[in-house]
Amino acid sequence: MGWFGWSSSSKSTNEDPPLRQDRQKCWETRDAYFACLDRVGVVKAGDEGKQCAVENAAYNENCARSWIDYFNKRRVIAEQQKGLLAAANTQAQDAKRTS
Amino acid sequence: MSQQTPSGARDRAAVGVFTPKAAILFVAVGTGLFMYFRHEKQKLLEQKQKELESRQYGRAHVGGPFSLMTHKGEPFTDKDLLGKWTLLYFGFTNCPDICPAELDKMTTIVDKIESTYGPIVQPVFLSVDPARDSPCQIAKYLTDFHPRFVGLTGSYEDVKATCKAYRVYFSTPPGTKPGDDYLVDHSIFVYLMDPEGQFVEAFGQVTTVEEVLGRFEKELREWAKEKGRKV
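So the sequence lines, in the order shown, correspond to chains A and B.
Counting in the UniProt record's numbering, the first sequence runs from 1 upward without gaps.
Counting in the UniProt record's numbering, the second sequence runs from 1 upward without gaps.
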């Protein structure tokens, strides 16, 4: 199962660190999964139901659980920040118009 | 007397304008100039000294003695950082994206410095995840980055003490064992240390390769001017 094996409890010693091609593969499957979430209009991973199942499977196969949790959380935070920024911009423009 | 006049005139002609009066004036001006330049030189030296001191005082107390192990299993202490500039990064091999990006950045920086000045900078990766990052694991991990990278790890206590000295925060989830799948929260900085092991600068994640190079070259110029050597 390649580098991903270290996340299973059966292989708990002398595990290999993720290497460049492993990381690359993980990031690619993540990006594909997130692109699918964007298409179906879902921010929080898991809220998409049965959609994006193929992408999600590839993502799960190529990334460690800790990485998946981290990327998913970051996606939600990034979306919240985008929303906050947009709100701040509208507010600033409203303020300009009224002044 | 009248016979001596021509000879007296000849003497005057021979010495030109160098009359006793002129001689006194010459010596006086000479002494004055000498004193003036000595004074100016003294002032310059004092100013230089002040600059030097302010540079020293202006530096944060980052770093200190440590005793760890390299990715080849050899002992490595702060003394081994002397005689070369050091770029030091704290991270862990199971890092999803920030550490590899920072290590790629360091690789580019070290390559660029090396092509101009030779191998005067030592890149160092210090693991904040000693429970999982064995020397062997770090050795494999570092094959993705600059070939001169030195990877460091050690006992949890030794790593913790080193991080404390370098003002680096890290937190490992409690009760972890090798093989567990977890991330380590840690401060993201690339430290530049001079060849005497003194802290120069901490570069954050947003600092570009060009900015680091610019800062390094400025520091290198000042160092070379002061010490007469590059390392």
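Hints in this document: simulated from the structure, not taken from any laboratory.
Fair warning: there could be bad hints in the mix.
[Said to hold, decoys possible] Far from chain A by the CB rule (all over 12 Å, computed), these chain B residues:
#1 M35
#2 S134
#3 K227
[What the hints assert, rightly or not] Listed next, the in silico DSS-like pairs over lysine-lysine satisfying Cα-Cα at most 30 Å (straight line):
#4 K25(A) <-> K72(B)
#5 K50(A) <-> K82(A)
#6 K73(A) <-> K164(B)
#7 K73(A) <-> K225(B)
#8 K112(B) <-> K230(B)
#9 K43(B) <-> K227(B)
#10 K25(A) <-> K112(B)
#11 K79(B) <-> K50(B)
#12 K25(A) <-> K177(B)
#13 K44(A) <-> K25(A)
#14 K25(A) <-> K140(B)
#15 K227(B) <-> K112(B)
#16 K225(B) <-> K50(B)
#17 K105(B) <-> K140(B)
#18 K73(A) <-> K177(B)
#19 K43(B) <-> K79(B)
#20 K84(B) <-> K227(B)
#21 K82(A) <-> K41(B)
#22 K164(B) <-> K218(B)
#23 K160(B) <-> K73(A)
#24 K105(B) <-> K25(A)
#25 K73(A) <-> K50(A)
#26 K84(B) <-> K72(B)
#27 K105(B) <-> K73(A)
#28 K105(B) <-> K72(B)
Just so it is clear, CB atoms sit at the ideal spot from N, CA and C, and this is done for glycine as well.
Inset, instruction - For the pair we were handed, K44(A) and K25(A), check the Cα-Cα distance against 30 Å. - result: Holds: K44(A) and K25(A) sit about 22 Å apart, inside 30 Å.
Legend entry - Hinted pair K84(B) and K72(B), Cα distance within 30 Å: holds (20 Å)
Legend entry - Distance restraint between K25(A) and K140(B), which requires alpha-carbon spacing of 30 Å or less: It holds: about 18 Å lies between the C-alpha atoms, which stays within 30 Å.
Legend entry - Hinted pair K160(B) and K73(A), Cα distance within 30 Å: Since the Cα atoms of K160(B) and K73(A) sit roughly 28 Å apart, the hinted pair holds (cutoff 30 Å).
Inset, instruction - Would you mind confirming whether the straight-line C-alpha gap from K225(B) to K50(B) stays at or under 30 Å? - result: The hint holds at about 15 Å.
Legend entry - 30 Å Cα cutoff - pair K25(A), K72(B): holds (28 Å)
Inset, instruction - Take a quick look at S134(B) and tell me if its Cβ sits farther than 12 Å from every Cβ on chain A, holds or violated. - result: Non-interface label on S134(B) violated, nearest chain A Cβ at 8 Å vs cutoff 12 Å.
Inset, instruction - For the pair supplied as a hint, K50(A) and K82(A), confirm whether the alpha-carbon distance does not exceed 30 Å. - result: holds (26 Å)
Inset, instruction - Take a quick look at whether K164(B) and K218(B) sit within 30 Å of each other, Cα to Cα. - result: holds (28 Å)
Legend entry - Given pair status - K177(B), K73(A), alpha carbons within 30 Å: OK: K73(A) and K177(B) at ~24 Å, within 30 Å.
Inset, instruction - Sort out whether K73(A) lies within 30 Å of K105(B), counting only the CA atoms. - result: The given pair, whose Cα atoms are some 25 Å apart, holds under the 30 Å limit.
Legend entry - 30 Å Cα cutoff - pair K105(B), K140(B): holds (19 Å)
Figure legend: structure checked against the earlier numbered hints; hints not met, in rising order: 2, 7, 19 and 21.
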